[in-house]
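Participant: Spelled out, the chains give:
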Amino acid sequence: MDIFQQIHEAIKYLFVQRAIIAGCFMALGCSSLGVFLVLRRFSLIGDGLAHVSFATVAIGLLLRAQPMVVSIPLVALASFFILKLNEKAAVYGDAAIGLVSSFGIAIGIIIASTAGGFNVDLFSYLFGNILSVSNFEVWMTVVISLAVVLIVWLFYHDLFAITFDEEYAQVSGIKVRLVNRILILLTSLIVVLGIKIVGTMLVSSLIILPAISALQVVRSFRSTIILAGVFAVVSVVAGIFISYFLNLPSGATIVMINFIFFVGSFLYGRNRG
Amino acid sequence: MVEVKSLSVKYNDIEALSKISFKINAGDYIGIVGPNGSGKTTLVKALLGLIPFTGKIIFQSENFSESDLRRHIGYLPQKMSFLDQRFPATAKEIVVSGMYCRKKFPRRLTDKDYIAAEAIMKTLGIANLKSRSIGRLSGGQQQRVLLARALVHSPSVLILDEPTVALDPQSRETFYDTVQKLNKEKQVTVLLVSHDIASVGKYASKLLYLDREIIFYGTFDEFCKSPKMSEYFGTSQHLICHRH
Amino acid sequence: MFRKAAIISLFIFFLAAASLMAKSAQDKKKLEVVTTLFSTYDFAKQIGKDKVNVTLLLPPGVESHTFEPRPADIVRISKADVFIYTGKYMEPWVEDMLKGVPNKNLLVVDASKGVELMSEEDHDEDAGHEEDEHHEGDTDEHHRHHEGAHHHHGGKDPHIWLDLGNDQIMVQTIADAFIKKDPSEKDFYLKNADEYNARLRQLDAKFKETFSGCHHKTIIYGGHFAFGYFAKRYGLKYVSPYEGFSPNAEPTPKAIAELIEKLKASGTKYVYYEELLSPKVARVIASETGAKLELLHGAHNVSKDELGRGITFIEIMENNLKKLEIGLECK
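Chains as they are written, first to last, in this note's numbering: chain A, 1 to 273; chain B, 1001 to 1244; chain C, 2001 to 2331.
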């Protein structure tokens, strides 16, 4: 069976189609934020907010509310707190994330221990899988990712200025605090959704890896963002098909391909001198 | 052109600047000098609207609004670590970002902006660097790129904060020459912050000596002849003035 | 804001600790029993009734395969008279943990003693995994399928309690343990054990009768591979997309696709999902095939609500029977 036949076999399944669509849009959303986050040392925000999600979903289940409804605003709040630590307490991005993240996990564990149990397993609720995306989740991913990409496009120059030289951006009249908040808010949104839909590992990887790979091939800023997007989308599509052919878990395969892209970019970037 | 009236800046009950008043005329080249911690950078930040202050800054005889200030001032910050090796941007992207102060949201750059960027880069002799990545340029080249960024929107005032600290003597000379040219040929008013009075004295038309308040404001000659400054500096005054 | 949150958290912590201590202070004269799984928890309650105080280590809603004991759990175990676990394949953490428990009076009961364990190959031979006869393509493809999708690594299936025959052995083991610890109540425990086993036999007969005349013989399961023993006992086929015996691994796309094809091939209109976990995979299969979803409860653990209304093991199995009756179109 040649490769086209195999692709044809795989793609006739609805779950594969949904995985590809949701995955591609999630890739676009994550990677467009990724370059800015990585350059500002907020790379691990995906993991960090995942830990906070753990607490917020526990709270949601405890209150018998829709966990997402509770989770998104609370995670956004946590992300603002991370920002504040960065601004006021001069705590570096990664340390601020670590602080809030540990706090979130600890609260989550305490709640989980003292709540007397839930009706569903907390972890299973929290962590999605790209192969089990529902139709509704596909729509959500498309809408939210497009919104994220649109907002990044609108604020492209502001984000560029702030990322390169925050002080100069301020002098130029850019509303630095506002734009920072927007960036972190978009990140919380896509992380919370992404965790539920495709799982923590994939969200975190799609934020960090395509960006880092693109940064190896340093040319212009614009091309870096576009390249990150390309790496992300291609890794998702290739990952899903390859995991199908080789009978591997899809999420991990996508991450592996991202890693291969990184190695390739690194070698390419190094040879260019 | 710019009048600073009774400007004071307080950090946590410590007065970093105390009732600074002076005038800047168009075409001036003012060296802002003083020991470390004297408030030179604080003054710059206040002029740029980065920190709160009491007092007034009057620009061209009208009380300025923030947007006016941005359009008329070009700023070359003290080179900080933001220029880390791997920042993925071409020199051209950095230079053209100097045009942001003229834009409102949503900021869009036009062809005109890019043409202006190319022009200023040509003027400063770095046109060949436009597609090069900023992280891979030499210190002197990076400084010129940032200078281009400061000048691309044709400001009437250029503020430079310790611009030659990280440069080798050769690059330093080149830099000062460039700034001198801008001042003389393009009538750009220059405010240059430095701790090196002797170097600054060579080019500047006026010296503003700060130590939390204005110790001296006048020409370099006046500085060397001033008895007050002899008292203040003691023997080192001769050293500084002798070089000139 | 941080301060407030920290104080509240500490407060909750102390509240929980206090309530724990209060509860354990009450029932002093009864036999203190700790179990690791809902099934053994229920058995212990049915055998010991009011002469025992049984605690289930798993908090409601928690998935059993990833459970790790907390310090409070280890304390509880060390203070108990009897500790019942389900064998080293289900709870691999027990052996190490016991090394650190100093209580010489603690009677540790391995409920899987005397039960014949099966490995994956055993399941494959009998009714377990169905060889894919319907797949299009050459023998190479087929061979790769079998190796890739279903090869396990020699572990034993720990889900012994879903075979009603095994349960009777387990009940006897537990009763023997109670008698050893509390010989004065020997008759009481034996009587209860016998009564309960009779009910299990009755249920078993009902299962056998129902499954003898079903239109379909294959259980399509979206959860992890828990019903191996169950399927074998009643001559049913059983398919799950998960590798291994725990729901931790991710199912591969091919495994899901296979399940879809199997469902279509078998003609059943129902796909089953497991308890407590989000039924994601089952939903995928349902959406692809138009099948309906039904719960097949593996009795590892129960939800908070279920525990609240006093659900029993037999009730769970009876519900399973009803659901399978519908799905497999029996009688």
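Simulated from the structure, these hints should not be mistaken for laboratory data. Treat the hints loosely; a few may be bogus.
[Claimed, not checked] No more than 25 Å apart at the CA atoms, straight line, and that leaves these computed lysine-lysine pairs for DSS-like: (1) B:1206 with B:1228; (2) A:175 with B:1010; (3) C:2269 with A:12; (4) C:2208 with C:2186; (5) B:1130 with B:1103; (6) C:2049 with C:2181; (7) B:1010 with A:88; (8) C:2181 with C:2269; (9) A:12 with C:2004; (10) C:2208 with C:2269; (11) A:88 with C:2323; (12) A:175 with B:1206; (13) A:84 with C:2004.
Participant: Each hint should be assessed against the structure and marked as holding or not.
Facilitator: Results for each hint:
no.	hint	result
1	B:1206 with B:1228	17 Å, holds
2	A:175 with B:1010	23 Å, holds
3	C:2269 with A:12	20 Å, holds
4	C:2208 with C:2186	32 Å, violated
5	B:1130 with B:1103	22 Å, holds
6	C:2049 with C:2181	15 Å, holds
7	B:1010 with A:88	18 Å, holds
8	C:2181 with C:2269	50 Å, violated
9	A:12 with C:2004	54 Å, violated
10	C:2208 with C:2269	22 Å, holds
11	A:88 with C:2323	59 Å, violated
12	A:175 with B:1206	35 Å, violated
13	A:84 with C:2004	17 Å, holds
Of the numbered hints listed earlier, those contradicted by the structure are 4, 8, 9, 11 and 12.
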